[in-house]
Amino acid sequence: MALRASRWRWSRAGWQRLALVLLWLGHGTWVLMGPASGQRWSRAGEAFSRPSQGLAARWAERRLAQRDAALSLAELRADRTRLAAELEQARLQAAREAPRQAEADEAVRLLGLKKHIPLELGAARVIFSTRPAVFGGLILDQGLDRGLVQDQGVLVPEGIVGRLWSVSATQSKILPADAPNASVAVMLMRSRATGVLQGLGSGRALIRYVSNQEVVQVGEAVLTSGLDRVFPRGLLVGYVAEVTQGDLELRVILNLSAPLDRVSAVLLLPPQPPVEVQPPFLAPDVKPSKKQRGTP
Amino acid sequence: MRLPAPSSLRQQLFCGVTLALVALTAPFPVVQALLHALLVLALAPRPGAALSGALWAVAAGWVLESTLHLYPHLGGTAWANLTVVLLAGWMAGRWPLEGLRGWLARLAGLCVLHGLLVHGAVRLAAGPHPWGWGWLASLLTLPLWGWLSWRLLHPPTGTGRR
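Chains A and B, in that order, are what the protein sequence lines are.
Each step along the first sequence adds one to the number in numbering that gives the first Met the number 0, with nothing skipped, and position 213 is 212.
Each step along the second sequence adds one to the number in numbering that gives the first Met the number 0, with nothing skipped, and position 50 is 49.
You may find that some hints are simply not true.
Under 7 Å between C-beta atoms, here's a sample of chain B residues computed to sit facing chain A [stated by the list, open to error]:
1. 75
2. 103
3. 124
These are computed hints drawn from the structure, not numbers from a lab.
Since we're looking at a predicted model, the values are computed, not measured.
Quick reminder that beta carbons are idealized off the backbone N, C-alpha and C, glycines included.
Given the sequences, and given the hints that come with them, work out the whole structure.
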């Protein structure tokens with residue numbers, strides 16, 4: 000008995016026997032588990048790893064959400080940058096196109112006016128303005144090369160501008176209607192009283208030779224009378240701004256309706272136009288806010 | 000006359016070569032079965048060194064089943080090999096050999112037992128399966144590989160027949 004006990008100590012042979020037993024039992028267990036053991040082990044492994052898999056899935060979802068958020072934020076920033084760049088480019092483009100657009104709009108307006116006037120009208124572009132200077136005017140890009148002559152009437156859709164003062168080979172100079180040395184034959188729309196326009200500068204003019212007997216209202220439209228053979232009858236000149244009584248005549252001051260400082264393109268009337276044409280301007284019947292009788 | 004046990008290095012070397020041949024002869028299942036039986040029944044068992052023989056036998060079983068690609072659950076052949084090699088090692092220590100005839104007779108008994116155990120264990124592990132012809136080839140060629148293993152493990156010394 001003592002001999003057997005000594006043989007089964009944890010000697011090298013004992014360890015080998017234990018390894019053999021474990022090897023045999025392990026293989027036997029494995030064999031007895033049969034072909035479905037893999038599935039059983041897989042199921043057991045899945046059950047055992049379910050909590051960690053859940054945690055891993057949540058962690059992955061969180062990371063995915065963070066990545067999506069970062070991506071969407073980055074995309075939004077990129078879109079914002081792109082849109083800002085596009086907006087800036089569009090603004091630059093609009094600013095670049097603005098003069099051309101304004102010119103096109105002006106041309107359309109001139110074309111509309113041209114359709115309403117039964118005369119052979121020409122068009123010209125204002126290339127320079129010397130109005131701030133004394134006896135300044137507007138310089139057109141056309142001259143004798145296009146058949147222009149002196150004293151041709153110049154107008155825009157808002158009203159008359161003036162007349163050609165001098166014509167060179169390729170350019171012309173307009174004498175604006177508000178120039179001190181300008182004169183335009185005009186008439187008042189209601190009273191049909193005629194007079195001569197004399198410029199006062201800054202878009203204002205004085206109508207001379209209107210009798211004290213006439214009744215002139217502030218806000219009344221002033222039209223060309225056609226007597227100067229520069230403008231036909233009925234073109235809008237401006238509106239009465241002020242009427243004062245003079246010794247022999249009324250002092251009628253009007254605001255010119257044409258924006259002389261912002262004119263970029265004009266229409267040119269033919270030389271010596273007929274006195275009577277169909278008036279293109281149907282001046283609105285402005286009710287004057289302040290009535291003033293011209294007669295004492 | 001009790002025969003001396005072959006040297007451990009020589010036996011391990013033969014086992015290693017035979018195991019490699021088992022793996023390499025996978026395209027020829029009958030030859031593979033012969034080599035497998037040779038390794039498990041003749042070369043691996045060694046009295047007093049059961050663990051190394053068991054490991055060789057287990058390795059042979061796993062290699063054979065892995066190369067066969069037949070069973071859905073491996074391990075049956077290795078378990079049967081382990082059982083047989085432990086039995087053979089115990090028998091070698093309990094009844095030492097005295098000649099070639101006894102060796103062949105022991106191998107024959109072990110071969111039958113091995114065949115039955117292998118198929119039983121494989122049935123347990125992987126379910127019903129074809130028997131094949133390896134067991135019959137092993138049994139029929141037993142004199143050949145039994146003699147060969149005898150010569151390998153106990154080479155003649157030149158003093159006469161054993």
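Against the structure, the hints:
no.: 1; hint: 75; verdict: 5 Å, holds
no.: 2; hint: 103; verdict: 27 Å, violated
no.: 3; hint: 124; verdict: 4 Å, holds
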